[in-house]
Structure formats: C-alpha cells, structure tokens
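**Q** Given these sequences and hints, build the entire structure.
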Amino acid sequence: MIVLLAVVAGVVAGLVLQPTVPLDLQPYLPIAVVAALDALFGGVRAWLEQIFDDKVFVVSFVGNVLVASLIVYLGDKLGVGGELSTSIVVVLGIRIFSNAAAIRRRLFRA
Amino acid sequence: MTADPGTEGGASAWRRISAALRARPGRGQVVAGLLCGALAFAVVAQAHTTARGSGVSAARTQDLLTILSDLQGRADRLRSQVSDLQLTQARLSGGGANTQAALAEARSRAQTLGILTGTVAARGPGVVLTISDPRHAVHADVLVDAIEELRDAGAEALQLSGVRVVASTALVDADGGVSIDGHQVNAPYRLVAIGDARTLSSALGIPGGVVDSVQALSGAQATVVASPSVSVTALRPLSTPRYARPAASPSPR
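For the protein sequence lines, the chains are A and B, in the order given. For the record, in the first sequence the residue sitting at position 13 is 13 according to the working numbering, with numbers rising by one throughout. Whatever position you read off the second sequence (first residue = 1), add 110 for the working numbering.
The set of hints was computed from the structure by calculation and includes no laboratory data. Each hint should be verified, as a subset may be incorrect.
Sample of chain A residues with no beta-carbon within 10 Å of chain B, all distances over it, derived [said to hold, decoys possible]: (1) Gly-14; (2) Thr-20; (3) Leu-74; (4) Asn-99.
From the structure, some residues in chain A lie toward chain B, with a derived Cβ separation under 10 Å [what the hints assert, rightly or not]: (5) Val-8; (6) Gln-26; (7) Ala-32; (8) Asp-76.
Glycine included, every Cβ here is placed at the ideal spot set by N, Cα and C.
**A** Here's what the structure looks like:
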C-alpha cells in the first residue's frame, strides 16, 4: 500500500516540479533507473516467493544503483562509457525479464 | 510485509497481495516505499529530460566528438557543393550575358558593315548635290571629284542618281552621260550624301571646289541642299569574295 502511494507521489512530484537532471548526472540516471527497476522486480519476486526481506531489498536497491553508476563512471573514464552503458542495460534487462517471468508464473501459473 | 503462511500457488499469491495492500506499514516498508518513490521520481525526471532535450546535452564526450566530426564533414561537403553551384551559376549567367553582348555587338557590326558595303539602306542628316548639265559638259571626273570631296568631308553613305556609291564603285564616261558600275545615268545628276550636313555643304562650296568647277563648265549648274534627313535607299548586292578569306586579326575590333 505504502509502496503504491510512494510511487504515485513520486510521479506526481516529477510531473509538478519538472526537474532538470543535473548535467553531471545525466549519463548515470538512466542506468541507475534501470538498476533500480531490476532491484524492484527482484524484490517483488522475492516477496511473492515469501523470502522477501526489507534490509536485503534496500541494500540491493542502493547497491545496484551505485554499482551501475560506478561502472558507467569507470567506463567514461576509460573511454568505453557508451559500450559499458549498453552492456549494463542488456544485463539488467535480461534480469528484469527473468524476474518478470518468475512473477508471472507465480501469479498466473503460466 | 506480513508473511502469510498460505499454500503455494497463484491463488495464495493474489491473497497475499490484497492482504499486503490492507496491511499496516512497518518501518522496512516505509524505507522500501521511499526508494520506490525516488525511483518513480527519477523515471519521470529522466523521461522528461529525454523528451525535452535533443539528446546532445546528455551525450558523452566521445559521442559529441563523433557528432561534431560528422557535422563538420557534412558542412564541408555542403560548402563545396555550394561553391560548385555558385561557379556553375556564375558561368551560366556570365555565358548568357556574353551571348547577349556578342549578339548585340554582331548586330551593330553587321549594320555598320552593311552601310559601308551598301547592302543596307541608310538615313540621316546630309546634303543633296544636284548637277544639271544640258550640254553634256560634265564628265565622270567631275563626279568623281565631287564624290571624293564628300568622302573627305566625312560622308558615310553615298548615292548617285539611284546607284549606291561604295568603295569599289567605278565611274566611266558614256554616251550622253556617265556609266556607274555599268548603270547608265544621264543628267541631271543627283548625289545624295549622309554625313554632317554643314561640313559636307561647306566642303562642296569652298572657292575653287566642286560647285565652282561645275559652274565653270558651260551650261552646268550645281545646287547644294543641306537637309536634316536624307535617305540613301539604293542597295548593292553583296559579292562574296572568291579568294580573300578572313585571317586572324591581331585585335578583334
């Protein structure tokens, strides 16, 4: 319940404030968002499998975001930022899909 | 997050969702909610930025360099195209102007040459010299003198009794008159000259000049009439030279 409320509040805040992403953050925010989505799907799956843990979720969420941003930052410094961003998106996308498949199986038995 | 000990399966999962929606939030759920809210906020912000920006501001240095070199190459290509087209345009318009100018020049030259060679009728200020000769005292030499005098005075087109007088015109004495280029002409002779009327008439009227020498002949009379507009209408067929060919001249004019 509170999660849904928070999501709605975040969307509304984003729409109302019309925030401008700082220039320094612009390469990292999309990757961080994808990483957070991965953590979110993992958390939902764990919750449905009754092994959900608040601490694990928070740590994986923050850790995912930090690691993803770090990798992109490192890639930028090494001159392969674009390629590393693509690879992160691919890996996290695969994970998101597998998690979504697990959730779907649990919810719809299909 | 209350762990509902329901049976494994889709039905229990749905039951757990509805239970969780009704459940009182614990501390951990608050933290997770905050994170999800932050995630939603970030998604919206990122989507907003992506939709608004052209993508250049968020691009990396490498990508920017690639884009820049792409654009520079494109600009170079377009610039060379522009200069090519400008060259073509200049050539075409210049060619058109040249053609026009050449055509006008050729026309005016043709007119000038036509007047000189007697293939074109002419009109302008000039004089009319009429010589009456009831006793056949005027011979070809007198007429040649008159023509030479008029030419010296700047006459540009000449006509003697209906025959055009050009550079190659020959005057020969004939029975009771003069033969001009084979045309028999009898008195009175009417010599029309186009040029500066005052100069021409004074050239004819100088003491001891044409008029005086004609008056000295027995019975001959010479009258000079200056007019602001006289016509030389007699034409001469153009003879194509058989042997002479145009040669490269040092100057086009």
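**Q** Each hint: holds or not?
**A** We went through each hint and held it up to the structure:
1. Gly-14: 3 Å, violated
2. Thr-20: 7 Å, violated
3. Leu-74: 13 Å, holds
4. Asn-99: 15 Å, holds
5. Val-8: Hint on A:Val-8: holds, closest Cβ of chain B at ~8 Å, below 10 Å.
6. Gln-26: 4 Å, holds
7. Ala-32: With a closest approach of 7 Å, the A:Ala-32 hint holds.
8. Asp-76: Holds - the Cβ of A:Asp-76 comes within 10 Å of chain B, reaching about 6 Å at its closest.
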